[in-house]
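Number of protein chains: 2
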Amino acid sequence: MDQLRIPGPTPCPPEVLKAMGRQMINHRGPEFQKILADVTAKLKQIFQTKNDVLILTGSGTGGLEATAVNMLSPGDKVLSVSIGVFGDRFANIAKTFGAEIVSYKVEWGKAADPDAVKKALKDNPGVKAVLVTHNETSTGVTNDLGAISKVVKEAGKLLLVDAISSMSSINLPVDEWQCDVVISGSQKGWMVPPGLAFVSVSEEAWKAHAAAKMPRFYWDFMRAKSILVEKSQNPWTPAISIIFAMDVALDMMLKEGLPNIVARHARVAQLARDGIKAIGLPLFAEESHASNTVTAVAGAGGLDIKKLRQLLKDEHKIVVSGGQSTLDGKIFRIGHLGWVTEKDIKEVIAAIKVSAPKAGFTGK
Amino acid sequence: MDQLRIPGPTPCPPEVLKAMGRQMINHRGPEFQKILADVTAKLKQIFQTKNDVLILTGSGTGGLEATAVNMLSPGDKVLSVSIGVFGDRFANIAKTFGAEIVSYKVEWGKAADPDAVKKALKDNPGVKAVLVTHNETSTGVTNDLGAISKVVKEAGKLLLVDAISSMSSINLPVDEWQCDVVISGSQKGWMVPPGLAFVSVSEEAWKAHAAAKMPRFYWDFMRAKSILVEKSQNPWTPAISIIFAMDVALDMMLKEGLPNIVARHARVAQLARDGIKAIGLPLFAEESHASNTVTAVAGAGGLDIKKLRQLLKDEHKIVVSGGQSTLDGKIFRIGHLGWVTEKDIKEVIAAIKVSAPKAGFTGK
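Sequence order for the protein chains is A and B. Per my numbering, the very first residue in the first sequence carries number 926; after that it's consecutive. Per my numbering, the very first residue in the second sequence carries number 926; after that it's consecutive.
Just so you know, the hints here were simulated from the structure itself, not pulled from any lab data. Note that this is a predicted model, so its numbers are computed, not measured. Just so you know, not all the hints are guaranteed correct.
Remember, identical chains collapse to one label, so a pair may be satisfied in a single copy or spanning two.
Distance condition first, Cα-Cα at most 25 Å in a straight line; then the derived DSS-like pairs of lysine-lysine [said to hold, decoys possible]:
1. Lys1242 - Lys959
2. Lys1132 - Lys1020
3. Lys1242 - Lys1156
4. Lys1020 - Lys1138
5. Lys1242 - Lys943
6. Lys1138 - Lys1002
7. Lys1156 - Lys1255
8. Lys959 - Lys1232
9. Lys1238 - Lys959
10. Lys1231 - Lys1156
11. Lys1156 - Lys1232
12. Lys1231 - Lys959
13. Lys1238 - Lys1156
14. Lys1047 - Lys1030
Assemble the whole structure, with the sequences as input and the hints as a guide.
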């Protein structure tokens, strides 16, 4: 089996895979109702929130779409804070459903400046909501969400956060930071296969929901909440197996403890960055905001990134990601989130050290 | 382990559950590309089509929403042929996104009359598309889709078919019947856990797609097709485990052979209906159009349906479904689709025979 070191899907522990193989049960029966209630309660602990948390069957991108259509009306002005592919995607979704986008784009590899967000909100008083990516998977950058939240909430705007690749791995206290909607996906730090999105919904977000006029049916938050409260069920047949798996993974996470998980991700990420620098390869992300779930490495010194990735796979059974969009061929990305230890990342760094010269890297 | 006899999710064979427990791989890597291409090719065989078949991560209801938003524009007039809860849901989705619904509703328990569809199309020449449920899970009725298709296509309309609980179990030759979009879901006859929807898309449907203006992003058929053709990938991270499981289940299905599967479902359903009648309970669906995947049984002779279901579960470890919407408490439903044999249904009938008198059934 290859060692999967991409920023999602992430490897799953054996206990989780065993849960994936459980036989089906009635999704409208008492046994499943209890599991869904338990998983929801445990999710809230990791989200550090008293807000509602809803489980949607779909990819993370489905969670982004759900957020847009539940919070906005056609014609609403929203500020998009984009630092990469996924920030652009969030804005693109809102635009597709009729939002008017005010765009604050940051050079890829850098984080958003909270002061610039403040200024954009001042310059555009009609903005209703701010779309922001907590952790940008495409560039390996983590935004300073606490500081951004401060300026957004001071301005009285709705804060909609893509935390797909950060929640459960990087500290994100939803209530403390007053985030209105926060989205994550099962295949990231949760150590579970893809197929579920999670969203937390604040009281203020529910008020926005009541006024929001973008058309929605499958993704409707209120349909999900009503039947959850009333019957501990999902409105549509959910991905039962993945909920079984989440139940097991969340127990593992709560046993380790969120602060310990966050600290482990920080240690592992530091090891990755130090290792890459020791090899002499440049980090793509500005180090002050480097992500603790994914490290992006730039090409340099004659390195053929495609060849490096092939060598890592063929000779070391290690799979890392390439770059997306305009970064294709220009960076590679090491995922270190979820079920990952120092030992795993040391192996990855050792393999890169051996393989880089074979892939043309001359050192400088 | 209970015997799950509800109309989805259905029990999964051990080979399928084993595939569900496979470790994650890169959804953008060559190994997964091959699996996705294989699964797509095998799906086309069961759909009996040369049309595109797309795999979407979501519930069956997501497949219905996807179909509406990819085929229609706000203001489009559509004929809804509804014979139950799921027919109503399909119309409700289209309406939510701005379609104007012309409603042909049939008394629950009965099938749609193709002549009435013909008349409705004649009376409403502005209709662009017809929404029809092949097999109505809520009532246990299968529409005569071949005959309905004939009048719809003679009138030159787009035919959008909810085949969530029929495709792979009941004969539905997509090309022969000229169905433009046909939707199914993994947790039905496919013997796989929930979390994926499948849609076939005809050439005429692609023309409609190009003109359709309902907003769409996550569900966009063209995004799914482009990356499938170009890279054998999904646009968003798919439910990898469920695609692994489909790969195995489709091999089992093709080994058994579609005509044999269809014949097995017909035999098993006949056993269910004969067994229920022998006990003296009335079938809810008109027998000429009774479904071969789900049998709906009406209450009679003092039968307490809720109590019967509880007895079946407690004393026989058999789970059957209740009624939905206004049929709650008035019918129960036996699912017999996917991984099901004559022996399974004989056990269910034997258990009902023993339990019905304990649940108040006096025979007449």
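**Asked** Any hints this thing doesn't respect? Which numbers, in order?
**Response** Violated hints: none at all, because every hint is consistent with the structure.
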